[in-house]
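Number of protein chains: 2
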Amino acid sequence: MAQSNETPRVSEPMQQEKLGPLRVRMSVLQQRARTLGIPAVVVVEGMSAAGKGDAISGLIESLDPRGFNVYAMRAPNEQEKRFPWLHRYHQRTPAKGRIAIFDGSWYDEMFAAQFNDDMGDAERQIKRNQTCDMEGKLATSGAVVIKLFLLISQKEQKKRLKKLEGDKHTRWRVSKIDWLQNKHYERAHDIYTEMMEHTSHPFAPWHVILSEDRKSTIRSIYHIMIDAFEQAITQKEALAQSGAAPEYGFVPYVKPIQTAPIQLLGDVDLNKTLEDDTQYKPQLKQAQQRLKDLHNRIYQAKIPVVLGFEGWDAAGKGGSILRLTQALDPRGFQVNPTSAPDATELAHHYLWRFWNHVPKNGHIAIFDRTWYGRVMVERVEKLTAEGDWRRAYDEINQFEHNLADWGAIVIKFWLQIDQEEQLRRFHDRQNTPEKQYKITDEDWRNREKWPLYETAVNEMLQKTSTSFAPWVIVESNNKHYGRLKVLNTVIDAIEARLK
Amino acid sequence: MAQSNETPRVSEPMQQEKLGPLRVRMSVLQQRARTLGIPAVVVVEGMSAAGKGDAISGLIESLDPRGFNVYAMRAPNEQEKRFPWLHRYHQRTPAKGRIAIFDGSWYDEMFAAQFNDDMGDAERQIKRNQTCDMEGKLATSGAVVIKLFLLISQKEQKKRLKKLEGDKHTRWRVSKIDWLQNKHYERAHDIYTEMMEHTSHPFAPWHVILSEDRKSTIRSIYHIMIDAFEQAITQKEALAQSGAAPEYGFVPYVKPIQTAPIQLLGDVDLNKTLEDDTQYKPQLKQAQQRLKDLHNRIYQAKIPVVLGFEGWDAAGKGGSILRLTQALDPRGFQVNPTSAPDATELAHHYLWRFWNHVPKNGHIAIFDRTWYGRVMVERVEKLTAEGDWRRAYDEINQFEHNLADWGAIVIKFWLQIDQEEQLRRFHDRQNTPEKQYKITDEDWRNREKWPLYETAVNEMLQKTSTSFAPWVIVESNNKHYGRLKVLNTVIDAIEARLK
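Quick mapping for you: the protein sequence lines, in order, are chains E and Y. Just so you know, we're using this note's numbering here: the first sequence kicks off at 450 and counts up by one. Just so you know, we're using this note's numbering here: the second sequence kicks off at 450 and counts up by one.
Keep in mind the hints are simulated off the structure, nothing from the lab. Please note: incorrect hints may appear among the correct ones.
As the list makes no split between identical chains, a pair holds if one copy fits it or if it spans any two.
[Stated by the list, open to error] Under the rule of at most 30 Å between Cα atoms (straight-line distance), these lysine-lysine pairs were calculated in the DSBU-like manner:
no., residue 1, residue 2
1, Lys664, Lys730
2, Lys545, Lys704
3, Lys530, Lys625
4, Lys530, Lys751
5, Lys948, Lys809
From just these sequences and the hints, can you work out the full model?
Structure representation (structure tokens):
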């Protein structure tokens with residue numbers, strides 16, 4: 450993602466400009482951003498004792514407290530360590546019109562790992578790509594992303610640490626790490642500088658602030674915030690008037706990912722059945738017993754598993770999921786049904802609600818319908834602008850790449866049936882009392898749009914089947930065949946991983 | 450809450466009845482409950498090695514995995530310990546139509562505390578009342594609450610623990626505590642029995658299952674579940690037809706709480722001003738400095754603070770909150786704006802979304818509009834049945850009592866202005882560009898309903914002002930006076946607590 454790098458912008462201390470007018474401008478901009486539904490992410494990093502807390506206090510003085518959150522991020526606790534490292538940050542990304550201020554962030558985490566020699570080059574590169582992916586997605590969806598770094602000299606740092614330790618009310622704020630950083634100031638400085646050079650992008654630039662004087666630091670922050678908000682607001686208003694699809698002034702950040710070849714739906718052989726259908730029950734039992742044992746082993750090996758289910762209405766998603774979960778320890782899996790997003794979910798990036806349901810390591814998350822709604826129903830029903838769903842293929846590949854890099858087994862099932870079979874099942878549902886809840890008018894409406902969906906599904910399969918998160922087409926005209934294929938696919942994937 | 454106690458119901462092992470038909474009935478009932486929007490809470494407790502896991506696996510075999518969650522609750526971690534002990538359970542209460550199965554629960558926690566002599570009689574009584582409150586609220590809102598206890602003999606327990614330890618795949622499941630419980634079986638048994646006798650209510654009964662044979666245990670569970678679901682479904686359908694407000698077959702669980710006297714709005718003196726308005730700025734600065742210091746001290750003393758703001762539109766909630774937060778360390782407070790509930794929030798108990806925003810200990814949570822919407826806007830706009838909002842006064846008192854028992858400082862501010870002042874401020878907002886976003890048609894509509902709101906507010910103040918969570922009426926025609934009163938009220942409350 451180097452193409453979009455740029456050098457961090459350094460703010461020199463301002464002359465004696467009054468803060469008052471800046472505060473007023475900022476507070477008006479916050480309201481306009483809220484009205485326009487523009488979210489903002491503000492990352493505040495810096496050398497130890499550079500005054501992050503003061504800077505944030507100074508900044509929020511002018512903000513409506515009902516419109517922002519400050520997140521003091523510290524080292525992840527045991528619980529947080531069981532999720533992808535960016536999980537807790539994704540969860541805290543702001544809703545439309547809100548400002549999320551991070552006092553310490555993913556950069557803090559990366560710095561600490563590097564400073565303590567806990568992170569190799571490969572891991573560092575992966576983590577930087579992931580943060581670029583996160584920030585890029587936010588920016589592309591219209592968010593303001595501001596990254597501030599407060600810089601002080603080694604001498605000034607020493608002075609401040611001593612002062613903090615001298616006061617009994619602030620002593621608890623000084624840790625060994627802080628002193629260690631002061632001792633190895635040069636090294637810390639180099640690590641930060643190199644990190645910022647590689648993570649400063651036009652859509653999420655770093656701003657280095659020489660921060661030895663509190664007032665001028667806050668002044669600089671206001672100028673940076675005001676510029677960024679004005680730019681975003683102008684852009685959003687221009688868009689609103691033109692009605693055009695979002696256009697952003699930078700090369701799309703997403704790195705295209707190599708996909709793997711996969712069948713077109715038209716070529717799927719739906720006549721597949723079991724050689725001997727009387728063998729279904731025993732084979733099912735056997736597969737479930739096998740999966741039960743494997744579930745125990747991935748639990749102990751702390752391997753996470755993410756299974757996505759998509760397919761035509763009545764293709765048998767529920768039945769397949771049930772055959773899976775019957776074999777699983779209920780304490781080690783979760784099924785996440787996906788329906789139309791509610792107001793809160795709509796106010797966030799479309800992948801936010803799925804980040805919230807990523808499994809703990811050692812657990813299995815099963816999604817009944819998934820993030821692929823973006824390129825299926827949202828495309829077909831025109832719920833999302835074309836530019837947005839077109840971009841989603843790469844965004845989704847990156848999302849799944851995040852999970853795979855973390856160590857997750859990721860499989861996406863497409864349950865395929867033909868129109869005749871669907872019609873049979875719709876009628877069966879209507880004629881069976883305890884199945885009637887399963888069939889709605891919407892199912893009939895979707896059915897009429899079969900060709901539109903088939904086009905969307907084919908494009909989706911081609912553009913998002915990857916080595917690390919493959920699509921598996923399940924021939925499901927024959928339910929028994931389909932269920933066993935799902936079970937055995939999961940079993941094979943886990944066994945391959947455990948080898 | 451003894452009035453609603455009853456003795457736990459003991460299920461004898463069933464004869465050799467087939468499981469198949471029970472499974473089918475249960476799965477049909479789950480679908481009907483989903484369609485009717487009936488949530489269910491299933492608590493599974495038992496002696497160590499009584500087979501909770503097996504029982505849950507057996508139960509969910511028949512359930513649609515998209516309709517339930519299993520929560521394996523263990524001892525709270527450091528993060529969870531910073532919240533009220535029931536917080537993590539409230540967060541997991543089910544949405545309409547869903548089933549939450551607790552493998553270990555609040556009872557586990559109470560048992561452990563008692564078994565380890567970590568809990569005095571007073572605390573035990575408080576915690577039991579709180580669980581009764583939680584279960585009662587769920588039941589009253591239409592949820593099925595089922596509590597299962599799996600009982601095995603000391604001899605059987607010993608046999609099973611040995612067997613588990615013998616197998617290298619299951620060895621990790623056996624802990625010292627399990628053996629300790631077996632050694633002191635009598636004592637454990639007595640504690641559980643006494644606990645169940647005091648927490649078995651008609652709306653949330655305990656079912657003790659003699660659990661030495663797996664099949665008959667699962668059979669018993671199905672019978673208990675089926676009976677409970679059928680009863681709830683019948684009741685709900687009857688209600689739907691009659692259109693009557695909910696009537697439940699038990700004495701309302703809520704214990705009325707003694708309230709404190711408070712003014713009627715009509716008696717509030719709105720002419721209050723500062724003796725010398727030029728003193729506003731210095732007094733504000735002084736109060737904010739004082740609060741800043743106190744914030745540090747409650748942070749270190751780990752005292753949580755909950756501040757609720759209600760009042761007429763344009764009464765100055767935002768301004769008062771801003772003056773507060775300007776004095777606070779941004780890492781130690783959170784402002785929670787409350788607007789109309791979204792779909793997810795509507796699918797839960799109305800207090801659920803507020804439980805989700807309870808502060809950590811040592812932190813301050815500020816609510817801009819609160820849970821009192823239940824007895825104001827929802828009452829006036831007829832969004833909630835009368836029986837439901839009438840019951841809410843006691844429910845809310847109990848909610849706040851939970852927070853107070855936990856150690857929180859709880860204050861609710863009512864910002865009072867008169868109609869003339871509101872009109873002035875509405876016009877001012879319309880005529881000031883950067884304030885226009887603050888005034889909407891809804892504000893004008895609400896204004897027309899002033900008398901209806903005044904009646905509702907007066908009843909609310911009378912019925913929910915308590916010694917542990919008082920209402921403070923803030924005379925706000927004069928903004929300076931109002932803001933200082935809010936600040937000083939918070940300061941006084943914190944100082945009183947720190948003494």
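Do the hints match the structure? See the list:
1. Taking CA atoms no more than 30 Å apart as the test, Lys664 paired with Lys730 passes between copies only; the shortest distance there is 21 Å, against 75 Å inside one copy.
2. For the identical chains of this complex, Lys545 and Lys704 are intra-copy neighbours only, at 26 Å inside a copy versus 41 Å across copies, given an alpha-carbon limit of 30 Å.
3. Proximity of Lys530 and Lys625 under a CA criterion of 30 Å is satisfied in both settings, with 23 Å inside one chain copy and 26 Å between copies.
4. Taking identical chains as interchangeable, the C-alpha atoms of Lys530 and Lys751 lie at most 30 Å apart whether they share a chain (11 Å) or sit on different chains (25 Å).
5. Taking the shortest alpha-carbon separations for Lys948 and Lys809, only the intra-copy value of 21 Å comes in at or below 30 Å, while the best inter-copy value is 44 Å.
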